[in-house]
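A.B. asks: One-letter residues, chain by chain:
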Amino acid sequence: MGTMGRKTGERIKNLCIFALPGCLVFGAVVIVPFLYGFYLTLTDWDGVRKVKNIVGFANYTAVFQDAGFWSSLGLTLKYVVISVVLVNAVAFLLAYALTNGLKGQNFFRTGFFTPNLIGGVVLGFIWQFVFSRVLVNFGESTGWGIFSSSWLADPNKAFWSLVIVTVWQLSGYMMLIYIAGFTGLSTDVLEAASIDGATGFQRMKSIILPLMVPSFVICLFFTLSRAFMVYDINLTLTGGEPYGTTKLVAMFVYEKAFTARNYGVGQAEALVLFIVVACISGLQIYLGKKKEVEA
Amino acid sequence: MARGSKVGGTKKRVLDATGFLAVTVLFVLYMIPFILVLLNSFKHKRDIITNPFSLVTKKGYTLENYAKAFDKMDFLKAFGNSFLITGLSTLLVVVLASMAAYYFTRAKDGFSKVFFALMSASMIIPFQAIMIPLVSIYGAQLQVLNHRATLIFMHTGFAMSMSVFIYQGFIKSGIPISLEEAAYLDGCTKLQTFFQVVFPLLKPTTATLVILNVLAFWNDYLLPSLVLGKKNLYTLPLSTYLFYGTYSADYGVIMAALVLTVAPILILYLFLQKQIIDGVVAGAVKS
Numbered sequence: 001m002g003t004m005g006r007k008t009g010e011r012i013k014n015l016c017i018f019a020l021p022g023c024l025v026f027g028a029v030v031i032v033p034f035l036y037g038f039y040l041t042l043t044d045w046d047g048v049r050k051v052k053n054i055v056g057f058a059n060y061t062a063v064f065q066d067a068g069f070w071s072s073l074g075l076t077l078k079y080v081v082i083s084v085v086l087v088n089a090v091a092f093l094l095a096y097a098l099t100n101g102l103k104g105q106n107f108f109r110t111g112f113f114t115p116n117l118i119g120g121v122v123l124g125f126i127w128q129f130v131f132s133r134v135l136v137n138f139g140e141s142t143g144w145g146i147f148s149s150s151w152l153a154d155p156n157k158a159f160w161s162l163v164i165v166t167v168w169q170l171s172g173y174m175m176l177i178y179i180a181g182f183t184g185l186s187t188d189v190l191e192a193a194s195i196d197g198a199t200g201f202q203r204m205k206s207i208i209l210p211l212m213v214p215s216f217v218i219c220l221f222f223t224l225s226r227a228f229m230v231y232d233i234n235l236t237l238t239g240g241e242p243y244g245t246t247k248l249v250a251m252f253v254y255e256k257a258f259t260a261r262n263y264g265v266g267q268a269e270a271l272v273l274f275i276v277v278a279c280i281s282g283l284q285i286y287l288g289k290k291k292e293v294e295a
Numbered sequence: 001m002a003r004g005s006k007v008g009g010t011k012k013r014v015l016d017a018t019g020f021l022a023v024t025v026l027f028v029l030y031m032i033p034f035i036l037v038l039l040n041s042f043k044h045k046r047d048i049i050t051n052p053f054s055l056v057t058k059k060g061y062t063l064e065n066y067a068k069a070f071d072k073m074d075f076l077k078a079f080g081n082s083f084l085i086t087g088l089s090t091l092l093v094v095v096l097a098s099m100a101a102y103y104f105t106r107a108k109d110g111f112s113k114v115f116f117a118l119m120s121a122s123m124i125i126p127f128q129a130i131m132i133p134l135v136s137i138y139g140a141q142l143q144v145l146n147h148r149a150t151l152i153f154m155h156t157g158f159a160m161s162m163s164v165f166i167y168q169g170f171i172k173s174g175i176p177i178s179l180e181e182a183a184y185l186d187g188c189t190k191l192q193t194f195f196q197v198v199f200p201l202l203k204p205t206t207a208t209l210v211i212l213n214v215l216a217f218w219n220d221y222l223l224p225s226l227v228l229g230k231k232n233l234y235t236l237p238l239s240t241y242l243f244y245g246t247y248s249a250d251y252g253v254i255m256a257a258l259v260l261t262v263a264p265i266l267i268l269y270l271f272l273q274k275q276i277i278d279g280v281v282a283g284a285v286k287s
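Residue numbers (this note's numbering), protein chains in the order written: chain U, 1 to 295; chain R, 1 to 287.
Same shape as in the complex, but just chain U (with noise of 0.2 angstroms):
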C-alpha cells in the first residue's frame, strides 16, 4: 500500500490527515450541491418560501417549451463556432509570426496575453466605451457610416462586439499554447523537409500541422469550455441588449433562476447545458486522441 502505512489504523490516520480535508471541501461545494440541483429541478423553489413543492418532471416539460431558452442556446452555439474558429485562427498566425525570431517577439507576447490577465468585467466596460462612444466619435469625424451610431444599439453589430472582444482576449492566451507546441516540434524534420524540397505550404500542410495536433486539442478544449460559459464579458458589454438580443445561454439562466425566481425551470436548464458541453467536450477530446494516433 505505497508508504501511506502498513497497518490500516495507521492508513486511515493518514487518510484523514492528508485526503480528507481537501476532498470535504471540494465535495461540499461540488459535488452536493450538483446532486442537490437535480432535486431543485423536481421542485417549484422560488427562493424565498421555506417550503418546496415536488413538481415532479413539470420543470423539464417547461424547459421543452420555453422558446427563450432554445433561441439563447442556439445564440450560443453560433457564437463558440464563430469565436472558436476566429480564436484560433489568429492565435495561430500570431504564434507562427512570433516563433521565427521576429525582432522583439518576447516583447509581443507579452503583450498580447495582457488582456488575459484582467478580470471579464473590466474587459466588457471598456469596451464598452470603445464601441458606444469612441468609434461613434471615430465615425462623426471619418463620415464612415459603419460607426454612425453605436455598434451595443444593433442587436446583429451588438452580437459581433462580444465576438471581436472574446477574440482579443483570448488569441493572446491560446497563442503563447501554439508557441509551446512550435516551440517542441523538431527543427530536424523542418531542415530535412527544406532539404528536400519542401515549399513554405507543403512544409505547413504535410508537417506542422499534423505535429501541432496536440496543441490544436488543448485549444479547442480551452476556448470551446470558456466560449460555452461566457457570462461576465456578455454582462459589461452588451447585458444582454439591445431588446435581450444578445443574451448568450449562462445569462439566460442566470436571470430565469435569480432573476425571474424559477428556480427550478434555472437548474433544469443549467442541466440541459451540462450535457451539451459534456457531449461536445467527450466528442471533441476522442476526435482529437483519434487523429493523434493517426499522425
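These are calculated hints, taken from the structure and not from any lab test.
What follows is a set of in silico ranges between Cβ atoms, one per label pair, in the way DEER data are often shown: (1) U/S148 - R/K172: 58 to 68 angstroms; (2) R/N232 - U/G244: 30 to 40 angstroms; (3) U/G111 - R/Y184: 44 to 54 angstroms; (4) U/S206 - R/A17: 19 to 29 angstroms; (5) R/Q143 - U/E140: 47 to 57 angstroms; (6) U/K290 - R/A140: 43 to 53 angstroms; (7) R/N146 - U/N53: 26 to 36 angstroms; (8) U/S206 - R/K203: 34 to 44 angstroms; (9) U/P210 - R/K172: 26 to 36 angstroms; (10) U/F57 - R/A121: 24 to 34 angstroms; (11) U/P155 - R/A17: 40 to 50 angstroms; (12) R/L15 - U/F38: 56 to 66 angstroms; (13) U/F38 - R/G110: 17 to 27 angstroms; (14) U/L93 - R/L272: 20 to 30 angstroms.
Think of the CB as a built atom: it goes at the ideal place given N, C-alpha and C, for glycine as much as any other residue.
Start from chain U and add chain R according to the hints.
C.D. replies: Same frame as chain U, but now just chain R:
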C-alpha cells in the same frame, strides 16, 4: 550561385519586414483600448465627449478623476477584500490539494480512486450547473452567505480538482519514493516527511498553481456576486461593477476606476512576466 543566394536573402528580409509590420499593426490595434482608457482617465468629461483620441485638451489634464474614483468606489476596502480572499483561498488550495494529491498517488486505495475519478470528471461541469443549488444550500438553508470565509471556502472547493490533478501528475512522475522512505527511517512522521521533503520538491508546480489560482480568484465576478451581498465585503470586480452602474455618464471617473482596478495585476505582470506566462502555459498543457 552567389547571386542567387543574395536574392534569396533579400526575399527573406522583405518577408521578415512585412511580418514585422503586420504584427506591429495588430499589436497597436490590440493595445488601443488600454491606451484610450488610460489617456481619457486624465481628461475632463467635456474633452472626452468631444474627442476621445485627442491628446490636446481644452481644459487640460487632471488627477481629479482618480481622487473621485478612489474615494467613491472605496478602493482600499475593495482591494483589501480582494487581497485577503485571493491570498487565503490560494494558500488553502495549495496546501489541501498537494496533500490530497500526495495521498492519492501513494495510497492507491478505494478512497483515492473514487475521489480522483470524481475530481477528474467534475472538471467538465460548468459553474452554471452548480450555482443555483449552491445558493440554495449555503443561502436558504445554512444561512452563511455574506461572509468572506464562505467565499474562501467555495473558491477552495472549486479550484480543488484542477490543482489536485496537476499536483498528482507531477508527484507521480517527479518524486521518487526512496527519498520519503529515507526520511521516514530517520524518524520523521508522515506529515514532517511531506512538508520537509516532498512539498519543497513540488515548488515548480506550486508556482504554476499559485499563478493560475490567483488570477482566477482575483478576477472572478460571478461567484463573489452570489456570495457577497454587502457593500463592505465587495471585492474589486464587484465594486467596479457597482461603481460603473452608478457613474456611467461620468466617463473620466469611470476610466480612472478601470485603471485603478487593473493596475495591481498589471504591475505584478511587469515584474513576473516570465513566471506568469510559463505558469499559464504549464497549467493549460497539463490539464
